[in-house]
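Here's the letter readout for the chains.
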Amino acid sequence: MSSAFTGSSRVDVDNSTAQLPRHTYISPAILNLERVYEQNRQLLQKKDGAKVPDPITIPQTKGKPRLLLMGQRRSGKSSISGVVFQKVSPSETLFLESTARIHKNNLSSFMEFQVWDFPGQIDVFDNPNFAFDMDAIFGEIGALIWVIDAQDDYLEAVARLNNTILHLQRSYPHINIEVFIHKVDGLSDDYKLDIQRDVTIRIQDELSDQGVENAPVSFHLTSIYNHSIFEAFSKVIQKLIPRLGQLEAMLTNLCRTCRFEKAYLFDVTTKIYIATDSTPEDMASYEICSDYLDVIIDFTQVYGNWQRSPDWRKHLEQAPWMQPLEDQVACERAESGMVLSDAQRPIMLREVDRFLALVAIMKEGSYEKMPQINMNVDVVVKGLTEFFEITKPKETRTTTETIAGRAAGGWIND
Amino acid sequence: MALAQAQAQAAQLKKVKKQKVLLMGKSGSGKSSMRSIIFSNYLARDTRRLGATIDIDLSHVKFLGNLTLNLWDCGGQEAFMENYLSQQRAHVFSNVGVLIYVFDIESRDVERDLATYVNIISALVQYSREAKVFVLIHKMDLIQSLTREEVFDRRVNIVRRKTAEAVAIVRKQKPEQSPGTPGGAAAAAAAAAAALAASSPSSILDIDIDMQLFATSIWDQSLYKAWASIIHDLVPNLGVIETQLASVGVAIDADEILLFERTSFLVVSKWTSREGDNNPFGDRFERMSSILKSWKHTCSKFTGTPRNAEQFSDLEIKMGTKFSMFVTKFTTNTYILVCMPPGEARFNSAKLNVAAARPWFRFLDGPVIAPSAGAGSSQHLLAHNSAGGAGGVQSEANSRPLNI
Ligand SMILES: Nc1nc2c(ncn2[C@@H]2O[C@H](COP(=O)(O)OP(=O)(O)OP(=O)(O)O)[C@@H](O)[C@H]2O)c(=O)[nH]1
Ligand SMILES: Nc1nc2c(ncn2[C@@H]2O[C@H](COP(=O)(O)OP(=O)(O)OP(=O)(O)O)[C@@H](O)[C@H]2O)c(=O)[nH]1
Ligand SMILES: [Mg+2]
Ligand SMILES: [Mg+2]
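Order-wise, the sequence lines are chains A and B. Following our numbering from start to finish, the first sequence increments by one per residue and tops out at 414. Following our numbering from start to finish, the second sequence increments by one per residue and tops out at 1404.
Rather than coming from a laboratory, the hints here were simulated on the basis of the structure. Source: prediction; values computed, not measured. All residues carry an ideal CB built from backbone N, CA and C; glycine is no exception. All the pointers check out, no bait thrown in.
Listed next, the stretches of chain B that the computed footprint assigns to chain A, with coverage defined by at least 3 CB atoms under 8 Å from CB atoms of chain A:
hint: 1; segment: 1295-1308
hint: 2; segment: 1338-1345
Cut-off 30 Å, straight-line C-alpha distance, at most; resulting in silico cross-link-like pairs (BS3-like, lysine-lysine):
hint: 3; chain 1: A; residue 1: K363; chain 2: A; residue 2: K382
hint: 4; chain 1: A; residue 1: K87; chain 2: B; residue 2: K1301
hint: 5; chain 1: A; residue 1: K369; chain 2: B; residue 2: K1301
hint: 6; chain 1: B; residue 1: K1351; chain 2: A; residue 2: K314
hint: 7; chain 1: A; residue 1: K235; chain 2: B; residue 2: K1301
hint: 8; chain 1: B; residue 1: K1020; chain 2: B; residue 2: K1172
Could you build all of it, start to finish, from the sequences and the hints given here?
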């Protein structure tokens, strides 16, 4: 059987030229990026070498930064932890039981994190039966996330939150307090804002009555049924990343040189974005980029994770290819692109390291420039990799695990 | 003689191309929800707003260029059901190609649901003995996942038994005996059975219902599995599609090729290499449908263009030395997904070859045979296009006799 596709009329693309543009042609853009990258690198070296204190005012904890989830019973803490960190689908949270003891999760991602899910029935500051070791709880904390059920009467929740803030301000004033006004799905936009205003005022009034000013309290409107919970966590975590400004500068530069509309650096397992460029926040862009990442992960799970037969590789490396598989591919990590039909806007994705992926929305009609764009992305990816090599504990460095090899995610339960 | 043959063939093709599909089951079981999600781009959560269907909602769903489903979404409230079984009996149950019967797994009154089911099957057997039956055990998401399989299996057994009962009733029924079943429906059933028995007494004895059962939910991909099976047998020229997909697959060294209908993202046809057969994910076809459809919705939300508009083209994934894949607009009515081994050059060549193969499949967009040219079946279109349109690319499919 002779088919058109295997005969002489096969539409072949020459192996050697297919990969050429990546290494031979250097555009002004790439030079510019190399320079930025080099500056950043020198900056980092100088800092690390001279042990200059970090510009960001987070205490450098010995262990892993910790996120504490607190709030009233049934406010949604375990649901949030499940949906964001353990791939539980929102509808499955209906079956969750009330938490009886502190539930701890470890995440080894681009940073090491712990997430502690508290039982709503326990108030650590006001417990007649048990004196909690405050240092053990708050000593290494990155942020306290206080969850308020917006669909319920929240006065008691706010009162407890006030009490908690006052306690923390006394002993651990640096702790970020992140208030999640939660379950806002099904609430009208006006009503959401009303609640947010009301809660904010109640807390600020109480704090100033007590003479506390400038407590680091932020508010987020969240729901597990849409992207808002991931977006809120993104904000929470970004505050804990040392040298976030440099990351943002790298992305901003990439957007300028490649004419991207918006770029995000994602933590792949949680879909939290840990940095974006300096253009204004835009929920819609975040949503589509995050969903795109999901699509790629889903495809990879189905088609990337099964063992090919021993003959598979042999077949692929014989004529007409005559190259090891590694040399046949242009990029050893995941790369993907897609074009939106409305204005021919492409979206691109590139895996950075075993935890992170870059996802960007491009300007219309830029699909043809993909080769140059890819080169610029290569440079930024290199820069990002180095950036995180430096911040990472030694033992986790230089692994080459990929999106493909990591469908299960990096979470461990205690 | 050739003309007569062609006319006969055209007539036959015409018949396949319009299919009457009955969608029945108790009120609230989820019939309209499924239809809206599959064919009208509803999101699962949009279906909460659907009202009960009044009488019969008739829609003509164009599926590919050459198949129209006449979808009869039959409101399931008791009064309507009673009416289908009596006054409208012949109207509803004649010329049925497919009956889709939906059971709500959470229904309280299982006995009653089953009694209604028996009546419906009896009516169907009387008027459309050849009809295929798809039974969907629906809303499975409401059952805890650990017990789903068991609950489904148990229900399958009951439904099969009841189906046999329904057939037996028709078989035995004589005009003077209509025991048990109440009212006008039973009388009409008995009369119809008698008429059928009189016209072809022998055939009644070998009624053998072609039936498939599925566990479904609008909240996961199981919906796509059931509906892909339903439309699968209705698609004209399936043999040609399969053969040609296979030649493309072999030619470009693919692991798997899926062909999706553009609106529903149901899998129309698929081809898998021997290597690809090792893929342990048996549910991957419906998963791909579900993923791509929800991606389409995401894009629509972002672009602000309607959900039924084309939303994306040319999705490419290269996963290092693991695999490569692309999903691209193929013919006017289809998308194609190709999963293949890694390699930049291999990928580019596959894309070009898939583009070159496009004309072979143009018959998928073919209009229903023009009345003036009854003989111009889609096969000719295909032969013509692949010879002329594909330039230097030659296909084995061209020279093969095309038996449909
Ligand atoms: N509508 C809505 N419901 C939510 C949301 N998040 C959680 N829930 C529901 O809230 C209920 C309680 O959730 P849990 O996560 O168990 O609450 P909890 O704060 O961990 O409760 P305790 O463990 O008792 O302190 C569950 O039925 C969830 O499905 C949300 O964003 N929207
Ligand atoms: N949990 C769950 N609910 C579903 C599912 N499918 C449909 N529903 C819900 O069931 C309700 C009734 O659905 P419909 O599609 O209107 O029911 P119907 O069968 O068309 O009813 P009639 O038109 O009266 O015959 C809607 O609120 C749907 O959201 C499912 O798979 N799971
Ligand atoms: Mg809990
Ligand atoms: Mg209905």
